[in-house]
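Generate coordinates for the entire structure from the input sequences, incorporating the hints supplied.
In order, the protein sequences belong to chains Y and R.
Residue numbers for the first sequence follow the numbering used here, so the first one is 1 and each next one is one higher.
Residue numbers for the second sequence follow the numbering used here, so the first one is 1 and each next one is one higher.
Calculated directly from the structure, the hints in this document are not laboratory data.
Since the structure is predicted, the reported quantities are computational estimates derived from the model, not experimental observations.
Positions of the beta carbon are idealized from the N, C-alpha and C atoms, including for glycine.
A hint or two may mislead.
Unchecked claim - Residues on chain R that point at chain Y, a partial pick, calculated with CB under 7 Å: (1) Leu18; (2) Gly41; (3) Thr44; (4) Gly48; (5) Gly56; (6) Arg57; (7) Leu63; (8) Val67; (9) Trp130; (10) Gly133.
Stated by the list, open to error - Here are the simulated distance ranges between beta carbons: (11) R:Pro120 / Y:Thr56: 22 to 30 Å; (12) R:Arg118 / Y:Pro167: 24 to 32 Å; (13) Y:Thr231 / R:Asp55: 41 to 49 Å; (14) Y:Pro135 / R:Gln73: 33 to 41 Å.
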Amino acid sequence: MQYQSPASIDEAVAALASIGGARVLAGGTDLLVQLRSGAASPAAVIDIKNIAGLRTISETADGFRIGAAVSGAEITDHEALVRAWPGVTEAAGLIGSTQVQGRASLGGNVCNASPAADTTPALIAARAIAEIVGPGGKRSIPVEQIATGPGKTSLASGEIVVSFLLPKRPASSADAYLRLIPRTEMDIAVAGAAVSLTLAEDGTIADARVGIGAVAPTPLVLDASFLVGTTLDEAVLAKLAEAAGAAARPIDDKRGTIDYRRKVVGVLAKRAALIAYERAKGAR
Amino acid sequence: MAKSHVSTTVNGDPVEFLCDTAETMLDVLRNTMGLTGTKEGCGTGDCGACSIIVDGRLVCGCLMLAVEATGKQVTTIEGIGAPDRLHPVQQAFLEDAALQCGFCTPGFIVAAKALLDRNPDPSETEIRYWLAGNLCRCTGYDKIVRAVQHAAAEMKGQPA
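Below you can see the structure in the form of structure tokens.
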């Protein structure tokens, strides 16, 4: 196995294009486990952590840009990002242990394409855009278009996700992410839900977006337009829970049954909406 | 295939080593450098026995390729305290009997030191969450948590 640590995106793309079967290495918390088990045996790993911009979080006029190789610990330590996107950052903070968060990257969590990835529903709710560079140049797509199935992405050969853009937040906006696991830490979501809200002056919801995870082959966007104009009364929350359960296409496995996941994802969506609503009221 | 040449810093000392690209930092620490205080438990990032600190971040040695250590500052259990001058976390683990078989202990001490370096006064909840990635099958964790609280108190009482 070759190891390359390019200093630029162009070099990384060229290396990926020239070596058949090369894999991108960011935090490595999924890839190294695959290497050890033999599930992956790439001809080369291309370490993207030494590329300028891929390890930084920057605030611009358009919002936040998070480099794809930024670790969970770097995300949860970034005070301005945590203030603006409490849901995205709490999702990043739920992945694995302190040790895993020291390395595991946002780009890796999305591109590993686990149906139960914690950050992906939160990024979907946030309307995050992934910036991708490949042999054909640059393109930008909404995060929900990256994963196409368990472990599968829409990235073409040689393409790398280099960063995520989180849009600028209007006043009175906030997000929240909740997942269910049988223990309190170090586990994989049975179901997850993220809600991002913007409130109008009168406290009604002006904009809403919901992402759900671990209940379908990929994290999903939920049509939450019915939340707009409401203040999350009981009837609207019941409709949200029902919509989340109806959109879910879960599997039965050791972590939960289909019926349980449909039920739980609705409860989580409701609770996340209430948390995001309270946070948005405080974010005026 | 030719081995990779890596220049890094381990426990404050400049170190150079040769490794295969597939070798982990844990492999090189233990097998090449003889620093066997860092343990291999699961090898998949679940148990924390191989906890090390790299450029100020707590990580699993088993989830890092050794070639990635180039230019980094690596701290292992061997770099924490000295035989005649234990780190307060080590002293507290001894005094409070926060270990039984001891296999997980280096990982716990490295992780606890990393916690106290950034949060000198952690709550019990903060300690338990921080250490959730360190597994101990003997103690039931209570003595470990108490030892970390004890060390935090000792460190606050010490003159800077």
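Query raised in the report: Against chain Y, is Trp130 of chain R within 7 Å by beta-carbon distance?
Result: It holds, given that the least Cβ distance between Trp130 of chain R and chain Y is near 5 Å, below 7 Å.
Query raised in the report: Does Gly41 of chain R pass the interface hint, meaning its C-beta sits closer than 7 Å to a C-beta of chain Y?
Result: Because about 12 Å separates Gly41 of chain R from the closest Cβ in chain Y, which is outside the 7 Å limit, the hint is violated.
Query raised in the report: Is the interface hint for Leu18 of chain R satisfied, with its Cβ closer than 7 Å to some Cβ of chain Y?
Result: At 13 Å from the nearest chain Y Cβ, Leu18 of chain R fails the 7 Å test, so the hint is violated.
Query raised in the report: Per the CB criterion, is Thr44 of chain R less than 7 Å away from chain Y?
Result: At 5 Å from the nearest chain Y Cβ, Thr44 of chain R passes the 7 Å test, so the hint holds.
Query raised in the report: Measuring from beta carbon to beta carbon, are Pro120 of chain R and Thr56 of chain Y in 22 to 30 Å?
Result: holds, 28 Å
Query raised in the report: Do the beta carbons of Pro135 of chain Y and Gln73 of chain R sit within 33 to 41 Å of each other?
Result: For Gln73 of chain R against Pro135 of chain Y, whose Cβ atoms are near 36 Å apart, the range 33 to 41 Å holds.
Query - Interface hint status, Leu63 of chain R versus chain Y (Cβ within 7 Å) - result: Holds: closest Cβ of chain Y sits about 5 Å from Leu63 of chain R, inside 7 Å.
Requested in this report: Would you check whether Gly56 of chain R satisfies its interface hint, that is, whether its CB is within less than 7 Å of any CB in chain Y?
Outcome: Cβ of Gly56 of chain R sits 9 Å from chain Y, so the hint is violated.
Query raised in the report: Does Val67 of chain R pass the interface check with chain Y, least Cβ-Cβ distance below 7 Å?
Result: holds, 5 Å
Query raised in the report: Do the beta carbons of Thr231 of chain Y and Asp55 of chain R sit within 41 to 49 Å of each other?
Result: Since Thr231 of chain Y and Asp55 of chain R have Cβ atoms about 47 Å apart, the given range 41 to 49 Å holds.
Query raised in the report: When you take the CB atoms of Arg118 of chain R and Pro167 of chain Y, is the distance between them in 24 to 32 Å?
Result: At 31 Å between Cβs, range holds.
Query raised in the report: If you take the shortest Cβ to Cβ gap from Gly48 of chain R to chain Y, is it below 7 Å?
Result: holds, 6 Å
Hints 1, 2 and 5, counting from the list given before, are not met by this structure.
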